[in-house]
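Asker: So you can see what is in the structure, the chains are spelled out below.
There are 2 protein chains.
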Amino acid sequence: MSGSLTVVGLGPGDPSLLTESARRALDAAEDLIGYIPYVARVPERPGLVRHASDNRVEVDRARHALELAASGRRVAVVSGGDPGVFAMAAAVFEALEQGEPAWRDLAITVEPGITAMLAAAARLGAPLGGDFCALSLSDNLKPWDVITARLEAVLRADLVVALYNPISRARPWQLGAALGIAAEIRAADTPVVFARAVTRPDEALRVMTLAEARDAPADMATLVIIGASATRLIPRAEGLPFVYTPRSVAAR
Amino acid sequence: MSGSLTVVGLGPGDPSLLTESARRALDAAEDLIGYIPYVARVPERPGLVRHASDNRVEVDRARHALELAASGRRVAVVSGGDPGVFAMAAAVFEALEQGEPAWRDLAITVEPGITAMLAAAARLGAPLGGDFCALSLSDNLKPWDVITARLEAVLRADLVVALYNPISRARPWQLGAALGIAAEIRAADTPVVFARAVTRPDEALRVMTLAEARDAPADMATLVIIGASATRLIPRAEGLPFVYTPRSVAAR
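Going down the list, the protein sequences come from chains L and Y. Each residue of the first sequence is one higher than the last, beginning at 1 in the UniProt record's numbering. Each residue of the second sequence is one higher than the last, beginning at 1 in the UniProt record's numbering.
Don't take each hint at face value.
Interface residues of chain L toward chain Y, partial, derived using beta-carbon atoms under 7 angstroms [stated by the list, open to error]:
1. G84
2. A90
3. L233
4. R236
5. R247
Please keep in mind that the hints were generated in silico from the structure rather than gathered at the bench. The model shown is predicted, which means the values in this text are computed figures rather than measured ones. For glycine and all other residues, C-beta sits at the position ideal for the given N, C-alpha and C.
Between the sequences and the hints, there should be enough to build the whole structure, so can you do that?
Answerer: Printed below as a string of structure tokens:
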């Protein structure tokens with residue numbers, strides 16, 4: 001088969017945070033597939049066919065991409081952030097595993113990108129400076145009791161916790177519940193970051209205590225970071241404090 | 001103060017995986033500070049002063065960078081991967097917190113990069129497709145019993161585990177011990193990836209079972225990924241299988 005499929009990470013939003021390699025993959029594509037706002041980030045050009053689809057149809061979208069590639073097209077599936085982190089890459093491999101055996105001979109590649117937690121961390125200092133984890137709070141694909149068990153485990157192990165998909169119209173209470181669990185395990189003054197739409201025109205960054213975070217607004221574009229016990233602030237004369245987690249952990 | 005300090009993520013190695021924003025920061029720098037092999041990645045040019053130092057002097061290096069910035073220079077501190085993930089950003093903020101109060105008024109920024117686990121994941125498929133964590137196995141700055149407690153917690157919580165700093169000449173047995181702990185908690189056929197020097201000329205990728213991994217060679221440039229219970233392989237006619245973790249988790 002002569003077609004190809006590349007899953008491209010667009011990074012957090014600002015075009016300057018795209019890698020050169022991702023940009024080349026976009027420039028080489030004949031078909032562009034993805035969630036509407038991600039497809040919209042890629043400039044139109046002659047010869048580029050755009051297939052924008054709504055959210056929550058990831059495997060259908062992945063199957064469509066594989067079919068186009070199998071027909072000989074050069075296909076780019078676009079994802080915000082990094083495609084391997086709560087994004088399109090896993091959906092593509094799910095569709096590949098369940099699909100036509102011949103699809104496995106296609107040239108399939110993944111172009112990594114700056115995922116939301118790295119972009120948010122960079123804007124604020126170094127909150128992920130120690131051991132950390134990335135959890136999705138969405139219970140669309142995962143039972144809520146698995147999510148809470150994982151959250152409790154990483155909070156007790158004193159990892160920094162990055163929460164993806166913290167809230168949506170259909171999942172309004174999960175973030176509050178997660179912060180409630182955190183408040184039982186971590187101190188009330190633990191630094192918490194709500195980083196919304198990082199590097200995009202509507203970016204909004206908030207640095208709060210865990211106690212304050214429980215009443216703070218969030219939406220689908222928000223990435224939440226809950227500090228570890230050692231995570232600390234460095235105040236500045238102007239603007240937000242820096243947030244960082246020291247590399248060292250004292251003996252217990 | 002007119003000086004500035006940017007902590008720049010160079011990504012895994014291939015220059016095409018640098019972001020445009022990181023490249024601009026390097027182009028604007030007057031002083032380049034970092035561990036010898038990272039400084040060596042940045043091409044020489046007139047007006048760029050290079051300060052390469054050995055490993056394990058991170059806070060001294062950070063203090064030097066802040067002093068230069070305070071003297072009015074445009075300084076770039078370079079890090080492999082992402083500077084916020086087991087790299088120079090936390091050291092810079094440690095030095096900032098402990099240093100001259102006036103340093104806090106400097107323009108200090110962090111340019112994110114593609115960290116090793118994202119680069120390795122992209123080369124192999126989507127092994128980080130579910131919840132995951134990043135742990136450093138180095139006990140230079142963290143007691144070994146904290147490391148093992150964290151490792152056990154995340155293994156029992158069924159997260160995918162990315163291990164940074166798995167081994168060095170001074171720490172020869174820790175990776176074997178960590179894989180031994182994993183073998184008590186995860187199945188012997190759990191996929192494990194050893195991804196060495198991803199995207200560099202000496203790249204070496206291995207996909208093994210957890211049982212096989214315990215006898216496999218690794219070095220300082222290796223990033224280890226231990227799959228979750230659902231992590232799976234998709235064999236291909238040629239080359240390594242794809243490794244991916246499905247997005248869904250079944251009810252318990």
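Asker: Against each hint, give a clear statement of whether it holds in the structure.
Answerer: Okay, the hints, checked on the actual structure:
no., hint, verdict
1, G84, "holds (4 angstroms)"
2, A90, "holds (3 angstroms)"
3, L233, "violated (9 angstroms)"
4, R236, "holds (5 angstroms)"
5, R247, "holds (5 angstroms)"
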